[in-house]
Amino acid sequence: MTNSSFNRPGAIALMQFDDGRAIEFIMGVEDILTGVAINKNSIFDLASVSKQFTAFSILLLEKYGLLHLNDYLLDFIPEVKLSQNNITLENLIYHTSGLPCLFDIAEDNGIDYYSTFKNEDIIKGISKRKNLNFYPGTRHEYSNTGYILLAQIVEKVSGLSYPDFVKREIFLPLDMHDSFVSDGVSMEKESVSGYQEKENNIFFPVRSPWGVIGAGLVHSSANDLMKWGLNFSSGLVGGKELIRKMLTPLPLITDTNIMIEDHISYCFGIELDEDKSGKFYCHQGSTFGRETYFVRSQEAAYTLAVLSNIEGYDVCSMAVRLFNGMTSITT
Numbered sequence: 001m002t003n004s005s006f007n008r009p010g011a012i013a014l015m016q017f018d019d020g021r022a023i024e025f026i027m028g029v030e031d032i033l034t035g036v037a038i039n040k041n042s043i044f045d046l047a048s049v050s051k052q053f054t055a056f057s058i059l060l061l062e063k064y065g066l067l068h069l070n071d072y073l074l075d076f077i078p079e080v081k082l083s084q085n086n087i088t089l090e091n092l093i094y095h096t097s098g099l100p101c102l103f104d105i106a107e108d109n110g111i112d113y114y115s116t117f118k119n120e121d122i123i124k125g126i127s128k129r130k131n132l133n134f135y136p137g138t139r140h141e142y143s144n145t146g147y148i149l150l151a152q153i154v155e156k157v158s159g160l161s162y163p164d165f166v167k168r169e170i171f172l173p174l175d176m177h178d179s180f181v182s183d184g185v186s187m188e189k190e191s192v193s194g195y196q197e198k199e200n201n202i203f204f205p206v207r208s209p210w211g212v213i214g215a216g217l218v219h220s221s222a223n224d225l226m227k228w229g230l231n232f233s234s235g236l237v238g239g240k241e242l243i244r245k246m247l248t249p250l251p252l253i254t255d256t257n258i259m260i261e262d263h264i265s266y267c268f269g270i271e272l273d274e275d276k277s278g279k280f281y282c283h284q285g286s287t288f289g290r291e292t293y294f295v296r297s298q299e300a301a302y303t304l305a306v307l308s309n310i311e312g313y314d315v316c317s318m319a320v321r322l323f324n325g326m327t328s329i330t331t
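Quick note on numbering: UniProt numbering labels position 218 of the sequence shown as 218, and the sequence is numbered without any gaps.
Bear in mind the hints are in silico, worked out from the structure with no lab data behind them. Please read all numbers here as calculations on a predicted model, not as lab measurements. Hints may contain errors.
[Claimed, not checked] Each pair of labels, with its calculated beta carbon distance range:
1. Ser317 <-> Ile202: 21 to 27 Å
2. Glu271 <-> Asn200: 33 to 39 Å
3. Pro251 <-> Glu120: 32 to 38 Å
4. Leu132 <-> Ala22: 41 to 47 Å
5. Ser234 <-> Glu271: 20 to 26 Å
6. Asn257 <-> Arg168: 40 to 46 Å
Note that CB positions come from ideal geometry on N, CA and C, so glycine has one too.
The task is simple: from the sequences and hints, build the whole structure.
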């Protein structure tokens, strides 16, 4: 499928300060066939940027007194019978559980990378495992599996489906009306089409076959993500103490004086980073035909989101360019 420079997939980059000042860059269309231009309300699959909503949901349930971060995974999902049964919810959030990668689990159970699989398929696969990759709480190893299990725990504890809980407790109170969680099959609203770029400006439509929620499949717009970022400052949903806890990075040394291997400053579904401009929190997402990046600075009071429907698009570089453009305007 060949496209002109005016009718091709693209991206939106939006940066907004808490006082309302904003800068944006937009190019491309939501769908090559319709030619509808990407805009601030265009809905994208956020991929792994979704994880912060899962972690936030767990913190809300803790605030409601329905669970604790030190609770054991086995108490909620007893079918996950591993040789070490001391995985805590905090281990799942910080990626220190030792659980295997979801794609390894899928492959071990005859599920191809390009096949459709859902949370229940992964849980069935884990239930057949006897060993973890490492002892819980001793190493950081990024794991989509942990966040899939967290979504299941949200459902068990709240009595709601994960999509309904996130909508009721987060999206509706923050007026994030273009945000929802998909199950990988049905969509509450139409989202942008994803594309892979081949040679000579040829784009092919692609769609993720995965239906695993918790680790991904939150859909949102750049405009809605600005509202989400503002909540990091206002605490309108959850309160400021919950936000503080959400932005607490994984300790370098455990309570038992063990240094975490491969440590990074990962927080609750979002990572603490720092450059010459100061400290900020960020997370990148990548899936079939989509690339996403979310940044929140508490120090400088801004939120930045880059969303693209081109697989492999360099969202991080775009974020840097937009940030430099904004700071040159405001200084």
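Are there hints from earlier that the structure breaks, and if so, what are their numbers? Violated hints: none at all, because every hint is consistent with the structure.
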